[in-house]
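Sequences are here, hints too, so could you generate the full structure?
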Amino acid sequence: MKKVIIGGGQGFWGDSNDAAIHMVKHSNIQYMACDYLAELTLSIMARQKLKNPKAGYARDFLDMMCACGEDAWQKGIRILTDAGGMNVEGLAESLKQWAEGSGLRGMKIGYVTGDEIKADIPRLLAEGVTFENMDDVGDFQEIKDKIFNANVYFGHEPTLSCLEQGADIVVTGRSTDSALFLAPVMHELSIHPDDWDQLARGIMAGHLLECGGQGAGGNFDYGWREVPRMDELGFPIAEVSKEDFIITKAPDCGGIISEQSCKEQFLYEVHDPANYITPDVTVDISQAMLTQAGENRVRLRGVKGKERPEMLKLSMGYHAGYKVAAMLSFAWPDAYEKACMAADILIKKLKRKNLKAEEIRVDYIGLNALHLNVADMDPEKVKDINEVVMRIAIRTLTKEDAYKLVPEISPLQLNGPPGASFFGGRAKVQEVIGLWPTLIPRDALTLRSHIIEIK
Amino acid sequence: MAKKDIYLNQIAHGRSGDKGDTSNVCIFARKPEYYAIIKREVTTDKVQAHFGDMVKGEIIRYEVETLKGFNYVMTHALGGGATHSLRLDSLGKSMGSAFLRMKIQVEEDEI
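Residue numbers (the numbering used here), protein chains in the order written: chain A, 1 to 455; chain B, 1 to 111.
Hints listed in this document are in silico derivations from the structure and should not be mistaken for laboratory results.
The C-beta atom is built at its ideal place from N, Cα and C for all residues, glycine as well.
Watch out, some of these pointers could steer you wrong.
As the list claims (entries may be wrong) - Away from chain B, derived, C-beta distances all over 10 Å, residues of chain A:
1. ALA126
2. LEU189
3. GLY425
4. ALA427
What the hints assert, rightly or not - Below 25 Å or equal to it, Euclidean Cα-Cα: the simulated BS3-like pairs (lysine-lysine) are:
5. A:LYS306 - B:LYS19
6. B:LYS3 - B:LYS39
7. B:LYS56 - A:LYS356
In structure tokens, the structure reads:
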């Protein structure tokens, strides 16, 4: 029974490299896939690239390769990542320099281009693509001149092609997270691209691994106190054959792999469990089962697949104004009452400055800034709290309007209710990036696989 | 039989995630026998009443009995989503615990 062993090395851009390094050193993985792209990441990378044409990818991946890339290459572990972001060629070139500098002769670096289609929008509009928002909000005409990036979520094909050409590292842009895991499963188990049930299993391997530590006892609501050695949290590993499917983790690391830890990740960010749509296959996990199969080993069964969708998801980031948030802290007695007065003063001052805001929001950190409506604001309990942080946030169309809040905060230390404490420096006005999810036909996209061989 | 109010988190655990302005919260029974209680008590109407105008769109509940769990998908639930949202928790990482803070009614001997 041929099986493939894959590790999840990264949950997002900014995640720790420790688990990936440990996994490469101490586990028997054959592949490691590292996800860096959340919904907004590409727009942030697009802004970085605009300022510096050499930027636009996750440099953190280079740090990871410096720490464990040579080790992985010597052990024959092949690594896949979407860290290329908005500058796949840029990351491939940096990896080439690293590999040459490390003397890794014969290493093949694969990369995939073509998912960024901003330049094609006018042509697609002319061809009748409407770019209707999947969430039923807004008019495309209003945002079409403010777009930063337009990336299509693509499936396994170009990544698999890199593996077939012998790539030791594959770099992509907006591949789906799960396709980075599906491609090696297909490659090793020779799965046909219309074997929907087998494809669905490969996707679920990706789904359980793509968030790194969250699949191995991190962010674990069920029993977080009982997770061993969270300071050395391991990331999950999948052992997949055509007949069996086990989630586990590397030896000698922290974390937990249990029915409950797998369940919490299993439905995470899935909408309809009977129709989990990916470019590769429509996955049905509505009858799936997770059972303990040993210490830190969980077996997955009952995953089904259906034909893949005709359309692909395109996500565009666009300029949507500005926002700024500022804070002031207050202590007992009457901390909440003082914080409310400070907010009231600020709102009056902003009104006098003729602020034009799309939205103004006031929360009290320590009381209701996370649970909002659901927080317990019983006046008897609130009256005697030790301390609270007033947070005011505004969203505006112009930078000038957003800036109106900035100089008003620190003066309240001397000019407002007693004991206000200003911290963290002056608030920074941020650009708001709107997301525009839409569907486009598959044939609107031309993806290309490339290979660089280190001489 | 006497009834009592409990927090949902006494019999369930879960996790929240986001896609744009949509929040999804998956909820699992802490013991298999609690699945039926959750199915009975945590209806979409009750979830809507619990969140009030924090969730401005519709709420759909999907049942996954084999996992003794449910997936709740709530649209227009994150104040516009990242980065539109002015909320401190714009990705709704704490929507899971906010959900599990819901009060439900059980028979004395049910748990």
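Hints versus structure:
1. ALA126: Non-interface label stands for ALA126 (chain A): nearest chain B Cβ at 27 Å, farther than 10 Å.
2. LEU189: 25 Å, holds
3. GLY425: Non-interface label on GLY425 (chain A) holds, nearest chain B Cβ at 18 Å vs cutoff 10 Å.
4. ALA427: Given a closest Cβ separation of 13 Å, the condition holds.
5. A:LYS306 - B:LYS19: 23 Å, holds
6. B:LYS3 - B:LYS39: 17 Å, holds
7. B:LYS56 - A:LYS356: Holds, because 24 Å separates the two Cα atoms, which is no more than 25 Å.
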